Structure formats: C-alpha cells, structure tokens
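Engineer: Now for the letters of each chain:
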Amino acid sequence: MKKQKENQLKIKIKNRPDFSRRTALKALGTGVAAVGAVTAGRAGFGKTEVPAEYGLMDQFGEFFQQHYKKMSKEEISGVIERIERKYKAKYDLDVKVGDTPPFPGVVFGYALNINKCKGYRECVRGCVEENNQSRDPQIQYIRVLELDRGSLNLEKSEHYYDDQTDVPKDGKMYLPIQCHQCDNPPCVKACPVEATWKEPDGVVVVDYNWCIGCRMCANACPYWARRFNWSEPVIPKDEINPETHYLSNRPREKGVMEKCTFCIQRTRKGELPACHQACPTGARVFGNLLDVNSEIRYVLENKDIFRLKEELNTEPKFWYYTD
Amino acid sequence: MILVSFVRDCVQQLFMGGRYYWSWIFGLNFFILIGLINYFRQYNTGLILTGMSDQVSWGFYVSNFTYLVGIAAAAVMLVIPAYIFNRPEAKKVVLLGEGLAVAASLMCILFVTVDMGRPDRLWHMLPFIGRFNWPMSLLTWDVIVLSGYLLLNLFMPLYILFHEYSEKDSNKKFIFIAAVVSMFWAISIHTVTAFLFASNPARPFWHSALLAPKFLASAFTAGPAFIILAFRVIDRSDAYRIGHKAIDLLAAIVAIAMQVNLLMLVSELFTEFYSEGTHSASARYLFFGLHGFNSLVPWIYTSILMNIVAAVILMVEKWRRNNTLLSIACVLAMVGVWIEKGMGFVIPGFIPTPIGEVFEYGPTWTEIFISLGIWCAGLLVFTILVKAAIPIQRGRLRYRPE
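Quick mapping for you: the protein sequence lines, in order, are chains A and B.
When you number the first sequence by the working numbering, it's gap-free, plus one each residue, and the end is 332.
When you number the second sequence by the working numbering, it's gap-free, plus one each residue, and the end is 731.
Calculated directly from the structure, the hints in this document are not laboratory data.
These numbers were taken from a predicted model, which means no experiment stands behind them.
Each hint should be verified, as a subset may be incorrect.
Claimed, not checked - To be clear about the criterion: a stretch of chain B counts as covered by chain A if any three or more of its residues have a C-beta under 8 Å from a C-beta of chain A, and this derived list gives those stretches:
#1 364-376
#2 461-474
#3 530-538
From the three backbone atoms N, C-alpha and C, an ideal C-beta is built for every residue, glycine too.
Could you build the full structure based on these sequences and the hints that come with them?
Structural biologist: So, in structure tokens, the structure goes:
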C-alpha cells in the first residue's frame with residue numbers, strides 16, 4: 010500500500026486551500042488573536058522554523074550572503090558549509106551540497122521522441138525524487154500533456170489525465186514539457202536581481218539564496234517551466250536525496266523560484282538526468298551538443314525535429330522528434 | 330530654525346480636527362492594523378495564503394499596483410495646467426494632486442513588497458550593494474521611475490509650501506523645470522508599468538503595442554475622477570473652497586480620457602475576435618469563458634458597463650455640471666477602470682497558461698484584507714499631507730518668530 014502510494018504521484022489540480030466565508034472570519038479572528046500574541050511578546054515578525062543549532066551568526070551570514078557569482082571560491086565553500094549545517098539542523102540529515110563546475114567544451118541538449126512517449130509520467134516521478142521537490146504542496150518540473158493525435162494545439166491538451174490505468178490511450182499522443190534551457194532565455198532577462206542566469210554549459214540556474222520571489226521570470230517563460238515555493242516545502246526525511254548541487258537540487262525554502270536544471274548535480278559528473286533514467290520507453294536522448302559524435306547530434310541531424318514556440322526566438326536546447 | 334517650526338506647526342495641524350476627522354483616522358488605522366496582522370500570517374506561512382498559483386502567479390496585489398500607478402500618474406493632469414500654463418484654478422489645487430501622487434506611489438511600493446516571496450531580501454535590488462539588473466529587467470525600470478516620481482512629488486510641494494510658510498519668494502524657474510520633469514516622469518511611470526507586461530511574448534494578451542497608451546488613457550480617467558471626489562469631500566468639509574472651475578477642468582479630462590479608453594477597447598475587441606487565433610484565447614476566456622471556465626466574464630461586463638455609463642454622463646455638459654451626477658460618474662469610472670486593469674487585464678493574461686491550461690484565480694480574504702490595509706495606509710498619508718498643506722495654502726499658517 011505504502012509502496013503504491015510512493016509510486017503514485019497524483020497530480021493535484023489545486024495546490025492551495027479553498028477559501029470560503031468561514032475562512033474569512035477565521036482570518037479576522039486569528040488576526041485579533043495575533044494582536045494579543047504580539048502585544049504579549051509571544052510571537053515575532055518572521056519567526057523561523059530552524060532549530061537552535063543554526064545559530065545567530067549563521068542567520069546573520071545567511072542574510073548578508075552575496076550573489077553566487079560575486080563570491081570567491083573560499084566564500085562559496087564557507088556558504089556551502091553553513092547551508093549544510095542548516096540542513097542538518099532542519100532535517101537531521103547529512104546533505105552534501107556540491108559545487109561541480111561545468112565541463113569545458115560542453116553544452117547540454119535534450120531530444121525527446123514523441124512516438125515513443127506513452128504518457129506514463131515516470132519522468133515526472135524520477136525528477137521529483139532526484140531533485141528534492143516539495144511533496145506538499147506538490148512541485149513538478151515536468152508537465153506531460155495528452156493531445157489528440159494530429160494537433161499540436163496545446164490549449165486543447167489534457168494536463169490531468171490518469172497515468173495509472175489507461176495510458177497510452179488510442180488516438181492520443183503525449184508531450185512532456187520541462188525547462189527548454191533556452192539559449193536566449195527570457196526569464197534571465199526579466200529577473201530584476203540577476204538571481205537566474207545561463208551557465209557556460211547552457212543550463213539556466215537559480216541562486217535560491219539570492220532570489221527575491223517576484224515571479225517576473227515565471228511570467229516571462231513561454232514554456233511554463235518555473236515553479237514557485239508558495240509555502241515552506243515539505244519533503245519526508247527518508248525521501249530527501251542527500252547528493253545535491255548548490256545551483257540545482259538542494260532543498261529550497263519558501264518564497265523562491267525553482268526549475269529544471271537538466272540535473273547538473275548528475276550531468277556534470279557524466280551521468281544522465283533523472284528523467285532520462287526513469288523513462289521506461291527510451292524516448293529521451295541527452296548529450297553534448299558540441300560533440301559531433303554524440304547521440305543527440307545524430308538525432309538532430311538525421312530525424313525530423315521541431316521545437317515548441319520557435320517563433321519566439323528563445324532558441325530552446327530541447328527538441329522533439331519523430332521516428 | 331524656520332524648518333523646525335515648519336515641521337512642528339505641520340504636525341500640530343494633524344491633531345486639530347473634529348469628530349469626523351478623528352473617526353476617519355481611527356477607521357483607517359483599524360483597517361491598517363487588520364492588514365498588518367494578515368501580513369504577519371502571510372509572511373510566516375508564505376504566499377500560499379493568497380489565491381495565486383504557478384498558473385496565475387500574479388493576482389490582486391499586482392492588479393492594485395497597476396491601477397495605482399495610473400492614479401499616481403494622473404497628478405500630472407493638474408501639474409501641466411498649473412505650472413506650465415499658469416492656470417489659477419489649477420494652481421490652487423495642484424498641491425493636493427501631488428499629495429495624491431505621493432500616497433499612490435507609496436501604495437504601489439507597498440503592493441509590490443507584499444507580493445514578494447522574500448521581502449527580507451529587498452536589499453538585493455539596491456544598485457551597487459545588490460545586483461540591479463538594469464537596463465534588461467523591466468522591474469528595475471519600475472523601481473527607478475516610481476521612487477523618482479515619489480521623491481519628485483514629495484519635494485516639489487514641500488518646497489512651495491515651505492516658501493509660502495516662511496513668506497519668501499520661491500524660485501519660479503526651479504518650479505517650472507521640476508514641473509516639466511514631473512510631466513515626462515508621470516508618463517514614464519505608467520509606460521514602464523505597461524512595458525512590464527508587454528515585454529512578455531509568452532503572454533499574448535499582454536504582448537500588445539496598444540498597452541501603454543491604453544494604460545495612460547485609463548489612468549487619466551480614474552486618477553482625475555479620484556481627485557474630483559477628494560475635492561468634493563474637502564469642499565464639503567468647508568476647510569478649503571476648491572471652487573467649480575478646477576472640478577470642471579478635471580471633469581472634462583475624465584470625459585475625454587474615458588472616450589479614448591473605450592475607443593481602444595473597441596480596437597482591441599476587433600483585433601482579438603475578427604480573425605480569432607490561438608493568441609486570442611485569453612480574450613475569449615475573459616469575455617466569453619473558455620472550456621466551461623468563465624469566472625471573469627461578469628467582472629469585465631460590469632467594468633465595461635460602468636465605463637460606458639460614466640462616459641455618457643460626462644459627455645453631456647449639463648449632466649457633467651450636476652454635482653450628484655458627476656460624483657456618480659466619477660465613482661463608476663474609478664471602479665470600472667479598477668476592474669479593467671485587475672480582473673480584466675492582469676489576471677486573464679495568465680489564463681490559459683503558455684502551455685494551455687485553464688486555471689482560475691480568485692483573491693482570498695488574506696489578499697483582500699492586506700490590500701484594504703494598504704489602501705487605508707495610502708488614504709492616511711493623503712489625509713496627513715492635505716491636512717498640513719491646506720492651512721498653509723489658505724494663508725492661515727505662517728511662520729511666527731517667537
């Protein structure tokens with residue numbers, strides 16, 4: 010039973026509590042109660058859920074932490090040590106935060122065979138487990154759309170089809186969408202504080218300790234690839250992946266944006282992204298676009314390929330192809 | 330020393346008022362408190378307490394922000410006749426318009442702040458200390474123009490009032506230059522805010538060249554309408570005779586701006602629906618509903634109806650000069666434009682999402698209470714500024730050396 014529950018990531022339609030007139034009264038009521046609490050000095054502004062092991066100096070350091078690209082190597086390792094301390098205090102777990110730089114001469118690209126994709130959503134599950142996404146509320150980087158065969162009109166797609174019983178359905182095709190790692194990313198342009206940028210290996214990353222949570226990037230993205238932490242993310246301790254990267258899958262906090270990074274914590278070590286590994290039909294091809302002998306280059310040169318919304322000139326490094 | 334007594338005398342004015350004044354002040358403070366309490370909860374729990382989602386990532390806060398940028402910009406409709414054309418009736422009231430601009434700009438800044446996921450990191454936006462992504466990010470432009478506009482509208486009236494108070498001649502040339510700057514600046518704040526939306530080709534509903542002019546037209550409708558209503562209240566409280574001339578001028582401005590605004594609506598409807606493509610999906614959702622979802626449809630028709638009725642009243646000079654009808658028209662124009670810019674513009678831009686999901690939005694009570702609190706904070710600032718400015722302008726309050 011538990012196993013099934015783990016495997017069955019239900020796609021939630023609403024990720025927020027419903028509000029009714031009763032909750033309005035509650036909002037007022039808790040408000041009045043909070044006045045009492047504040048005046049009694051029991052509640053403070055911006056209370057923290059982090060236990061005492063993460064001391065005042067650490068919180069001070071966190072507040073004044075510099076932008077990732079402005080810090081020296083030593084400063085970054087100091088920051089990483091502090092973040093690991095925080096995870097230890099928060100989750101009682103040794104989470105390793107890596108900082109593997111990009112390979113020189115590598116630009117990552119992804120291709121997906123839409124004839125092979127059967128809509129099982131295994132990529133979605135693999136991604137959530139690998140990348141420490143919040144389980145409540147649920148955050149998923151990959152959206153698999155179910156479309157009528159013969160039309161690529163996304164507006165007619167079904168986002169919440171059931172992947173447990175009847176996939177693949179007759180007359181349907183499946184189109185997984187995740188961050189396309191645009192070469193000309195509109196999200197990077199939109200960010201007011203440069204908290205998101207394109208790395209030399211072509212991957213668009215977010216500094217979760219610099220993001221101010223304004224959501225300009227989410228508005229700018231034509232592929233709906235960015236996810237916001239509307240509340241403190243919840244991940245059961247035994248489901249946390251302790252192998253992380255500063256710019257990728259380390260656990261996030263509320264109020265910041267996150268997104269797919271082509272699993273740089275894996276791919277920068279020569280492994281494949283989690284969605285690639287999870288795909289049961291072999292629909293995904295990942296590799297170095299600069300390597301003429303790579304499988305991805307073979308696909309791009311020999312198959313019928315297309316990209317979504319090419320007319321926007323965002324130059325995605327994510328292609329779809331057919332057999 | 331004059332400065333000290335200027336500040337002291339102004340503050341003293343704030344404590345002089347009748348029963349209505351104090352009830353107004355206490356009422357405002359009550360709702361500010363409710364707003365603050367709800368903000369505590371939102372700060373601690375996260376923006377999940379709002380109706381926003383990954384699908385509709387901006388909501389009520391940004392809607393109010395967009396509307397208030399227009400209100401702030403509208404002050405220029407008094408600045409131009411007063412300082413550039415030296416019209417006496419406008420000169421008499423221009424300081425109140427600038428006070429409104431100050432209050433509205435402050436509300437804008439508050440609305441953006443409560444919309445942030447990490448307000449504790451606002452310092453990341455400071456130039457030099459943080460990383461200010463200027464000129465690429467449109468939000469950085471908005472920060473510059475809004476704070477600049479706030480300072481401009483704070484210092485210009487202060488400069489004039491201080492000179493009146495100390496009975497010295499103010500530098501006319503300096504005021505003229507400041508007025509010209511302020512004129513262009515007012516246009517820029519709303520243009521930049523329009524570009525904030527229009528810069529997103531991912532959202533076809535916003536990605537329109539008509540947006541900046543339409544924003545300006547609706548701003549010059551709602552803003553002067555608000556000023557007219559404020560003038561009528563001040564007039565009635567007998568503190569300061571505004572006179573009908575200034576109100577006539579503003580009413581004509583509202584009448585013209587509203588007609589332009591409606592013309593642009595027609596132009597928009599034609600373009601969206603004559604040859605309807607997939608890019609018109611948001612417009613279809615807004616005006617007719619999409620795939621069975623239609624929660625914004627009643628909003629937009631209410632807004633259009635209000636705008637049309639206001640336009641009709643204002644177009645007929647006899648009706649426009651009738652105080653009651655004028656007030657009704659102003660309320661309709663203000664609310665109509667408020668809906669048009671929020672539920673009629675910001676929200677439908679998100680629906681459907683760029684990958685075709687229709688996911689609806691409605692504000693939660695947390696959002697409503699926080700927004701109400703910010704509105705009351707703005708009204709409080711406006712009240713304070715007006716309360717201090719009027720006695721100086723009327724000549725009652727002057728520097729008296731001890």
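Engineer: Name the hints, by number, that the structure is in violation of.
Structural biologist: none
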